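Participant: Using the sequences and the hints given, assemble the complete structure.
Number of protein chains: 2
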Amino acid sequence: MPALSQRAQQVPASPIRKLVPYANAAKARGKKVLHLNIGQPDLPTPPAFWETLHKAQIKVLDYTESGGMPAFREAYARFYTEVYHIPLEAQHVLTTTGGSEALLFAFLTLFDPGDEVLVIEPTYANYIGLGQATGIHLRAVESHIEEDFALPAPETLETALTERTRAILLCNPSNPTGKLYSEKEVRQIGDICRRHNLFLLSDESYRDYCYDGERFFSALEIEGGADFVVVIDTLSKRYSACGARVGALISRNTDIIGAALKWAQARLAPPTLGQIAGLALLSLPESHYTHVRETFQRRRDVLLEGLRSIAGVTCPTVQGAFYLMPKLPIPDSDAFAQWLLERFDIGGTTVMVAPGTGFFTQPEKGRSLVRIAYVLDEPYLEQAVEILRAALNIYAREQVPIL
Amino acid sequence: MPALSQRAQQVPASPIRKLVPYANAAKARGKKVLHLNIGQPDLPTPPAFWETLHKAQIKVLDYTESGGMPAFREAYARFYTEVYHIPLEAQHVLTTTGGSEALLFAFLTLFDPGDEVLVIEPTYANYIGLGQATGIHLRAVESHIEEDFALPAPETLETALTERTRAILLCNPSNPTGKLYSEKEVRQIGDICRRHNLFLLSDESYRDYCYDGERFFSALEIEGGADFVVVIDTLSKRYSACGARVGALISRNTDIIGAALKWAQARLAPPTLGQIAGLALLSLPESHYTHVRETFQRRRDVLLEGLRSIAGVTCPTVQGAFYLMPKLPIPDSDAFAQWLLERFDIGGTTVMVAPGTGFFTQPEKGRSLVRIAYVLDEPYLEQAVEILRAALNIYAREQVPIL
Numbered sequence: 021m022p023a024l025s026q027r028a029q030q031v032p033a034s035p036i037r038k039l040v041p042y043a044n045a046a047k048a049r050g051k052k053v054l055h056l057n058i059g060q061p062d063l064p065t066p067p068a069f070w071e072t073l074h075k076a077q078i079k080v081l082d083y084t085e086s087g088g089m090p091a092f093r094e095a096y097a098r099f100y101t102e103v104y105h106i107p108l109e110a111q112h113v114l115t116t117t118g119g120s121e122a123l124l125f126a127f128l129t130l131f132d133p134g135d136e137v138l139v140i141e142p143t144y145a146n147y148i149g150l151g152q153a154t155g156i157h158l159r160a161v162e163s164h165i166e167e168d169f170a171l172p173a174p175e176t177l178e179t180a181l182t183e184r185t186r187a188i189l190l191c192n193p194s195n196p197t198g199k200l201y202s203e204k205e206v207r208q209i210g211d212i213c214r215r216h217n218l219f220l221l222s223d224e225s226y227r228d229y230c231y232d233g234e235r236f237f238s239a240l241e242i243e244g245g246a247d248f249v250v251v252i253d254t255l256s257k258r259y260s261a262c263g264a265r266v267g268a269l270i271s272r273n274t275d276i277i278g279a280a281l282k283w284a285q286a287r288l289a290p291p292t293l294g295q296i297a298g299l300a301l302l303s304l305p306e307s308h309y310t311h312v313r314e315t316f317q318r319r320r321d322v323l324l325e326g327l328r329s330i331a332g333v334t335c336p337t338v339q340g341a342f343y344l345m346p347k348l349p350i351p352d353s354d355a356f357a358q359w360l361l362e363r364f365d366i367g368g369t370t371v372m373v374a375p376g377t378g379f380f381t382q383p384e385k386g387r388s389l390v391r392i393a394y395v396l397d398e399p400y401l402e403q404a405v406e407i408l409r410a411a412l413n414i415y416a417r418e419q420v421p422i423l
Numbered sequence: 021m022p023a024l025s026q027r028a029q030q031v032p033a034s035p036i037r038k039l040v041p042y043a044n045a046a047k048a049r050g051k052k053v054l055h056l057n058i059g060q061p062d063l064p065t066p067p068a069f070w071e072t073l074h075k076a077q078i079k080v081l082d083y084t085e086s087g088g089m090p091a092f093r094e095a096y097a098r099f100y101t102e103v104y105h106i107p108l109e110a111q112h113v114l115t116t117t118g119g120s121e122a123l124l125f126a127f128l129t130l131f132d133p134g135d136e137v138l139v140i141e142p143t144y145a146n147y148i149g150l151g152q153a154t155g156i157h158l159r160a161v162e163s164h165i166e167e168d169f170a171l172p173a174p175e176t177l178e179t180a181l182t183e184r185t186r187a188i189l190l191c192n193p194s195n196p197t198g199k200l201y202s203e204k205e206v207r208q209i210g211d212i213c214r215r216h217n218l219f220l221l222s223d224e225s226y227r228d229y230c231y232d233g234e235r236f237f238s239a240l241e242i243e244g245g246a247d248f249v250v251v252i253d254t255l256s257k258r259y260s261a262c263g264a265r266v267g268a269l270i271s272r273n274t275d276i277i278g279a280a281l282k283w284a285q286a287r288l289a290p291p292t293l294g295q296i297a298g299l300a301l302l303s304l305p306e307s308h309y310t311h312v313r314e315t316f317q318r319r320r321d322v323l324l325e326g327l328r329s330i331a332g333v334t335c336p337t338v339q340g341a342f343y344l345m346p347k348l349p350i351p352d353s354d355a356f357a358q359w360l361l362e363r364f365d366i367g368g369t370t371v372m373v374a375p376g377t378g379f380f381t382q383p384e385k386g387r388s389l390v391r392i393a394y395v396l397d398e399p400y401l402e403q404a405v406e407i408l409r410a411a412l413n414i415y416a417r418e419q420v421p422i423l
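Listed in order, the protein sequences are those of chains A and B. Each number in my numbering comes from the position in the first sequence (counting from 1) with 20 added on. Each number in my numbering comes from the position in the second sequence (counting from 1) with 20 added on.
If you're looking for bench data, these hints aren't it; they were derived computationally from the structure. Remember, it's a predicted structure, so these values are computed and weren't measured experimentally. Don't take every hint at face value.
Copies of the same chain look alike in the list, so a pair counts if it works inside one copy or between any two.
[What the hints assert, rightly or not] Derived DSBU-like pairs (lysine-lysine); straight-line CA-CA distance at most 30 Å: (1) Lys-204 / Lys-51; (2) Lys-347 / Lys-52; (3) Lys-347 / Lys-47; (4) Lys-204 / Lys-79; (5) Lys-75 / Lys-347; (6) Lys-47 / Lys-204.
Facilitator: As structure tokens, this is what we get:
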């Protein structure tokens with residue numbers, strides 16, 4: 021048979037999803053699995069979504085325009101203008117199939133094969149797969165758990181630039197660390213981009229998840245950034261609507277949106293149902309956002325306190341997204357995550373976490389880290405902490421060989 | 021500002037969609053536009069889809085597994101086995117966001133940048149954009165309207181192979197020509213692939229649209245093809261559900277499906293609502309398919325007869341999909357299609373067609389061709405023919421300069 025492509029052989033499986041077969045096997049054996057591996061909020065999708073969906077009189081489920089329904093793009097721009105106080109017009113918003121596709125279009129529109137993009141590591145695993153798909157090299161600058169995953173110093177970032185660097189890709193708040201970058205840090209990144217003629221690609225999928233009263237500062241708020249700032253956005257996390265697969269590529273540089281539209285045409289259109297029902301989400305009252313933020317802040321507190329009470333576990337206080345990335349006393353996070361599914365439970369329940377290795381361009385740097393998504397209610401998080409405490413205790417004693 | 025990527029500057033706009041702004045402007049001026057430009061069937065999406073959608077009790081619209089809901093993959097395999105008599109298992113089916121994404125995953129999984137793929141020209145426009153996105157060179161072998169767009173002779177195809185050729189990409193029935201390749205032709209392609217160790221990538225999105233009693237022969241029916249045959253499929257055309265954005269990558273080579281799953285993980289999941297409601301479509305009775313086929317065969321007949329009655333128009337009888345690609349007495353199909361929207365109407369109505377140039381790797385070969393999708397009811401098609409007749413008459417007399 022013909023061989024598969026080199027790139028397909030090289031692209032890593034998702035650390036968030038590659039253990040799904042083990043989870044399914046565990047469930048088939050009757051185990052209950054607490055899913056802390058995936059960024060899938062558990063809050064109900066707002067009723068307005070379902071009401072709009074069920075009320076819509078659709079005879080033919082047809083394609084929308086490639087850039088999205090005009091009414092959806094307009095509502096999206098209005099939402100940004102009114103709720104986030106970031107003035108946008110419909111022409112600045114390209115509707116995509118989730119944030120993932122917005123990233124794909126951004127990579128294709130801004131970068132050529134062989135180009136480099138600077139990322140802060142640990143980084144979102146799927147950036148790595150996307151780099152493989154599009155021929156882009158991710159150059160990583162590490163942020164450190166000992167420094168609460170703070171943004172590396174501007175000089176450190178600048179030292180990592182090469183003549184092939186085309187952009188800095190920031191995930192703010194960070195998936196996987198939960199780090200919320202401050203206005204000062206975002207401006208620093210913006211300054212570097214301006215000075216070095218780079219794009220600032222800002223993945224703001226988690227912008228509604230900011231805690232402790234901290235205000236989110238969007239890259240779109242950088243003065244004079246219209247030309248070089250590109251934002252990735254999505255309905256997925258904001259509205260607990262991951263399965264709708266609706267997101268957006270946002271830029272005030274209409275050349276970028278215009279060029280991205282050509283890739284959008286090549287895949288025809290984003291999902292129609294998600295846009296029709298998603299429209300209703302864009303006019304939810306302030307109370308929706310407050311409720312989400314407060315709920316997740318409490319969860320973060322519970323999880324953080326629990327994790328820190330486990331011997332040998334390090335976890336910084338971070339103020340965004342719904343992830344924590346603790347350091348565990350384990351030699352191999354892949355083996356440990358698999359062991360939790362295959363060989364461990366308390367009273368029939370275990371937890372699923374995402375191994376840290378998948379969030380580094382050099383996987384070995386994540387061997388003692390795991391990403392935990394606090395997407396379950398507090399009692400479950402407390403239960404998860406107790407499972408992890410017992411598991412780590414036994415795991416250390418068993419000195420389980422690396423699988 | 022930083023420059024956009026070379027590939028973004030080079031990728032062509034879709035011939036099917038690039039004229040949308042002109043159509044919107046025409047409609048804003050009160051014109052009625054008969055949309056024959058886009059492969060969007062007008063038949064109602066089957067009621068089973070809506071019933072299932074509205075009955076579903078969904079609290080959280082979550083991601084499905086990256087390869088699709090297990091129940092959906094199983095139903096898809098069962099559908100192929102029972103309706104098409106092509107035995108498949110769930111592990112042979114990867115659920116994708118429309119056929120477009122199945123193509124993307126196939127290109128990423130099977131080909132590396134610089135590889136070549138053989139296509140029959142005129143070819144589906146979006147293959148060209150996809151080649152640009154993934155760094156793949158499409159090498160085109162032309163099929164000719166004078167030969168009813170028949171498959172070029174096997175020797176001609178083999179002559180076009182180079183050492184970088186990795187696959188033959190066949191669209192059967194063909195978008196844009198409507199050509200239905202026979203069992204003999206498909207087997208010939210299969211033989212070439214086997215002899216030259218190539219993949220056979222068969223886009224069978226229109227397989228349910230075969231007329232005059234002709235039977236469709238799938239590449240999956242080639243004996244011994246399990247290793248090298250990969251099929252692109254979609255719910256879009258079969259069920260008039262383009263906006264659901266649900267398709268499939270199908271292969272009995274589980275290495276291919278396994279590798280493609282890694283790309284699927286990197287974009288998280290296909291749309292959940294389309295899968296949930298789409299499940300119901302996979303068990304529609306035979307009468308659904310018969311009705312669709314008969315409806316579109318009548319339309320083809322009406323359109324074909326009408327086009328042939330226009331002086332100077334050539335159009336072969338083809339037996340598949342819902343496209344005809346006539347040769348018109350015009351020097352520039354782009355200018356003509358735009359002129360129809362901007363400057364022509366009969367009683368306030370005009371037609372929108374897809375210029376032939378976009379379906380060729382060398383656009384000039386399509387200057388006198390247009391693609392017409394017969395996705396409207398017969399009276400509209402008759403009206404469209406009269407509009408085209410009058411338009412061509414006036415266009416020739418006006419000797420409109422090329423825009």
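Participant: With reference to the structure, classify each hint as holding or not holding.
Facilitator: Hint-by-hint comparison with the structure:
Taking the closest pair of Cα atoms, Lys-204 and Lys-51 never come within 30 Å of each other, the shortest separation being 47 Å inside a single copy and 52 Å across copies. Proximity of Lys-347 to Lys-52 under the C-alpha cut-off of 30 Å is restricted to the intra-copy arrangement: shortest distance 25 Å within a copy versus 63 Å between copies. Within a single copy, Lys-347 and Lys-47 get their C-alpha atoms as close as 27 Å, which meets the 30 Å cut-off; across copies the closest is 60 Å, which misses it. For the homomeric pair Lys-204 and Lys-79, neither the shortest alpha-carbon distance inside one copy (51 Å) nor that between copies (39 Å) is at most 30 Å.
In this assembly of identical chains, the alpha carbons of Lys-75 and Lys-347 never lie at most 30 Å apart, being 48 Å within a copy and 45 Å across copies at closest. For a Cα distance limit of 30 Å, the shortest separation of Lys-47 from Lys-204 qualifies neither inside one copy, at 46 Å, nor across copies, at 48 Å.
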